[in-house]
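Asks: Single-letter residue listing:
Number of protein chains: 2
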Amino acid sequence: MSGKTMKVVPVIMAGGAGTRLWPLSREEKPKQFHDLSGEGTLLEQTIKRLLPLDPESCVIVTARRYEEASYRELARIGMEGTVLSEPRPRNTAAAVLYAASYLTKVYADCVMIVLPADHHIRKPDEFAGVLRLAVAEALKDNLATIGIKPLYPETGYGYIKAPPGEGDAFPVEGFVEKPDLPTAERYLEEGGYYWNSGIYAWKTSVILERFARHLPRHSDAFKPLFALDRDQIASSEGGPWEIKRAVFDAVESISIDYGIMEKTDGRMVVPGDFGWGDLGSWNSIDDILPADADGNRSPSGKKAVFVGAKNCSAFSEDKRIAVVGLSNVVVVQSGNDILVMEKDASQRVREVVEIVRALDSGAQS
Amino acid sequence: MSGKTMKVVPVIMAGGAGTRLWPLSREEKPKQFHDLSGEGTLLEQTIKRLLPLDPESCVIVTARRYEEASYRELARIGMEGTVLSEPRPRNTAAAVLYAASYLTKVYADCVMIVLPADHHIRKPDEFAGVLRLAVAEALKDNLATIGIKPLYPETGYGYIKAPPGEGDAFPVEGFVEKPDLPTAERYLEEGGYYWNSGIYAWKTSVILERFARHLPRHSDAFKPLFALDRDQIASSEGGPWEIKRAVFDAVESISIDYGIMEKTDGRMVVPGDFGWGDLGSWNSIDDILPADADGNRSPSGKKAVFVGAKNCSAFSEDKRIAVVGLSNVVVVQSGNDILVMEKDASQRVREVVEIVRALDSGAQS
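Here the protein sequences line up with chains F and W, keeping their order. Here the first sequence is numbered in this note's numbering, starting from 37 and rising by one per residue. Here the second sequence is numbered in this note's numbering, starting from 37 and rising by one per residue.
Just so you know, these hints were derived from the structure itself, not from any lab. You may find that some hints are simply not true.
It does not matter which identical chain is meant; a pair holds if it fits inside one copy or across any two.
[Unchecked claim] When the alpha-carbon atoms are kept at most 25 Å apart in a straight line, the in silico DSS-like pairs for lysine-lysine are as follows:
1. Lys-338 - Lys-355
2. Lys-197 - Lys-214
3. Lys-299 - Lys-355
4. Lys-65 - Lys-159
5. Lys-65 - Lys-355
6. Lys-339 - Lys-379
Turn these sequences into a full structure, and let the hints steer you where they fit.
Replies: Below, the structure is given as C-alpha cells:
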C-alpha cells in the first residue's frame with residue numbers, strides 16, 4: 037500500500053436547512069451560505085481550512101436547490117470541485133455513500149475527509165495537523181474520527197469513548213448519545229471521552245465495504261450509480277437524476293454514526309483541540325463574534341450599540357442593533373425578521389420557525 | 037359675559053423631537069406623526085379626541101420643519117386649522133403666547149385648550165367631559181388645569197396640590213416637581229394631589245394678562261406680532277417670519293408652569309380619570325398596545341411572535357419581531373434601527389441616540 041500517492045478529497049456535507057439559526061438561516065439560504073463572522077461564508081471557510089492538505093479536488097454534497105450556490109462558492113475560492121445534489125435528504129449515511137460512490141468512479145480509491153459545512157474552528161493550523169493524523173489513520177485502512185477534547189460538560193453533543201493510549205490516535209470503545217449533566221460531568225472527570233465532531237477520514241474502499249456489511253440496503257440501492265460515468269453521477273439532468281431519485285427513495289434515513297460507526301470495527305479517534313465550535317444554534321454564535329469588555333458581541337464590520345448591556349450578542353444583515361440594559365440576549369436581524377432571544381432559549385427557535393411558517397402560508401392563501 | 041357665544045379653540049403643542057422614543061421617533065419624523073397603536077398618528081388622535089367639543093378651529097404649534105406634516109394631518113382629518121411654526125424652540129411659555137397672540141388677532145377673545153400631541157387617552161368620552169368642565173372654569177376667567185387622579189406613586193410626573201372641595205374643580209394650592217418615591221407615596225396616601233397633565237384651558241385675554249404680569253419680557257417681545265394681520269402671523273414667508281424669529285430670539289426658554297402657573301392666582305384644577313398616559317418613553321408603550329394572556333404586547337395589525345416570553349412589547353415599522361424566552365423587554369424597529377431594551381432602562385435611550393448620532397456623523401465625514 038502506497039499512502040503517499042493516494043489522493044485526499046474533502047467531502048463537505050452542506051445540505052442542511054439550519055433552521056435553528058433562523059432568521060439568518062432559512063431554507064432559501066441556509067447558514068452555510070452566510071458570512072456570519074465577516075470572514076467569509078461558513079462553506080467558504082470550511083473549504084479554505086482544508087487547503088493546507090493540498091486536496092486533489094473537493095466534493096460538496098447538498099440539496100439540489102443549493103447546487104448553484106455551492107458551485108458559486110467553489111468558483112469564488114477558485115477551487116476545483118464537484119457538487120453532488122441529493123434528490124431528497126436521507127441523512128448522513130446516504131450522503132457519505134453518494135460521495136464514496138462518485139469518488140470511486142473518479143479515483144478508484146482515495147481518502148475522503150467527511151466534514152460538516154457549519155463548524156467554526158479558531159485554530160486552523162492545529163486543525164490541519166489533526167486532519168493529517170486522521171488521513172494517516174485512514175491510510176492504515178482505519179475509520180478515523182476526530183474527537184474534540186471536551187472543555188466543559190456539554191449535554192448537547194454526543195461523546196466518543198476512547199481511553200487514551202500510545203500515539204496520536206486511540207481505538208474507539210463506543211459512541212454515546214447526548215448525556216445528561218451528571219453523566220457529562222463524569223465523562224469530563226474520568227477522561228477518555230471526546231465530543232463527537234462528525235468529522236471523519238477513511239478510504240472510499242473501506243467505507244464501501246462497511247456499507248455492504250452494515251447497511252446492505254444502502255449498498256444495493258447505490259449500485260446503479262456505478263453503471264454511470266463520473267459526469268453522469270454528478271449531473272442533475274435527465275436520466276441520471278431519475279436514477280438518483282430512485283436510489284434515495286430506496287434507502288432509509290439514517291446517520292453514518294448510527295448506521296455504521298456505532299457498530300463497526302477499525303474505528304480510531306484522533307483527539308483534537310483546535311477551538312472547535314458547532315454553529316448549530318444561536319447560543320453558539322458567541323464562538324465566532326469578538327467580545328468587548330462587557331462580553332457583548334457583534335461582527336467586526338457591523339458594530340452594534342450596547343448601553344448597560346452584558347454578554348449580549350447582536351448579528352444583523354442590514355439594520356443597526358442597539359441593546360440597552362439587558363444580559364444574555366441574542367438579537368438577530370435577517371431579511372424581514374428580527375429574533376430577540378434569551379441565549380439559553382435557543383432550542384426554542386424551532387417553535388418560532390413553525391409559527392412563522394404558518395403565518396406566511398396563511399398570508400399567501 | 038356670555039360664555040355660550042365664546043369660541044373654543046384647541047392649541048396642540050406638537051414641536052417636540054421625542055428622541056426618547058427613538059428609533060421610531062426621530063428629529064426627521066417625531067412621535068406625534070407616527071401611528072403607534074394602529075389607530076392613527078398621535079397628532080391625529082389628539083385632534084379627533086377634541087371633536088366632541090365642536091371646536092371652532094384648531095391651532096398646532098410646532099417647529100418649522102414639521103409645518104407641512106402638521107397641515108397634512110389636518111387635511112387628512114378634514115379639520116380646519118392653522119399651523120403656527122416656531123422659528124426656534126423656546127419651551128411652552130413662548131408656544132402658548134404665540135398661539136394666544138394669533139387667536140387674539142382672529143377672535144379678539146376665545147377659550148384656548150392647550151394640550152400636548154403625545155398623550156394617550158383610553159376613555160375619550162370621559163376626557164371630553166373633563167375638558168368641558170375645564171372650559172367652564174376658563175369662562176369664569178380662571179386658569180384651568182387638568183389633574184390626573186394618581187393611580188400609583190409615579191416619580192416621573194410633576195404633581196398639582198389641590199385639596200378637594202365642593203364641585204368639579206378645586207383651587208390649586210401649588211405645583212410640585214417630580215417627587216422621590218416616599219414623597220409620591222405620601223401624596224397618594226394623603227390625597228389631594230394630582231398628576232400634572234400639561235393640559236390647560238383659559239381665555240386668551242386672561243393668559244395674555246398673566247404674561248404681562250409674570251413674564252413681561254415675553255409679553256413685550258410678542259407685541260410686534262399684534263401689528264401683523266392673522267395670515268401674516270401664521271405665515272412662514274418673508275417679513276413676518278423675520279419678525280417671529282426676532283421675537284423668539286428675545287425670550288427666555290421657560291415652561292408655562294414655571295413661568296406662570298406656579299406663580300399666579302385664579303388657578304383651578306379639574307380632576308380627571310380618563311385612562312391618561314404620557315407616551316414619553318418606551319416603558320409607556322404598554323399603555324397603548326393590547327396585551328395577550330402572558331402580558332406580551334404588539335400592535336393589533338402587526339402581531340409579533342412570542343415564545344416563552346412574558347410582559348414583552350414589540351413594535352415594528354416593517355419587520356416581523358419574534359421574542360423568545362425573555363421578560364420585560366421592549367423591541368422596536370424603525371427605519372434602519374432596532375432597539376432592544378429592558379423596559380426599566382428606557383431613560384437610557386438618550387445615550388443610544390447620542391452614540392448613534394456620533395456614528396452617523398462619523399460615517400458622513
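Asks: Under a CA distance limit of 25 Å, which applies to Lys-197 and Lys-214: within one copy, between copies, both, or neither?
Replies: within (12 Å within a copy, 66 Å between copies)
Asks: 25 Å Cα cut-off: does Lys-338 pair with Lys-355 within a copy, between copies, both or neither?
Replies: both (9 Å within a copy, 19 Å between copies)
Asks: Checking an output row: Lys-65 and Lys-159, CA cutoff 25 Å. Within, between, both or neither?
Replies: Cα proximity of Lys-65 and Lys-159: none, with 27 Å in one copy and 48 Å across.
Asks: When no copy is named, should Lys-65 and Lys-355 be tagged within, between, both, or neither for a Cα gap of at most 25 Å?
Replies: both (19 Å within a copy, 19 Å between copies)
Asks: First find the shortest C-alpha distance between Lys-299 and Lys-355 inside one copy, then the shortest across copies, and answer within, between, both or neither for a cut-off of 25 Å.
Replies: The answer is neither: 49 Å in one copy and 49 Å across copies each exceed 25 Å.
Asks: Check Lys-339 against Lys-379 for me: Cα-Cα at most 25 Å, and say if that holds within a copy, between copies, both or neither.
Replies: So Lys-339 and Lys-379 pass the 25 Å test inside a copy (19 Å) and across (23 Å) alike.
Checked against the numbered hints above, the structure violates hints 3 and 4; every other hint is satisfied.
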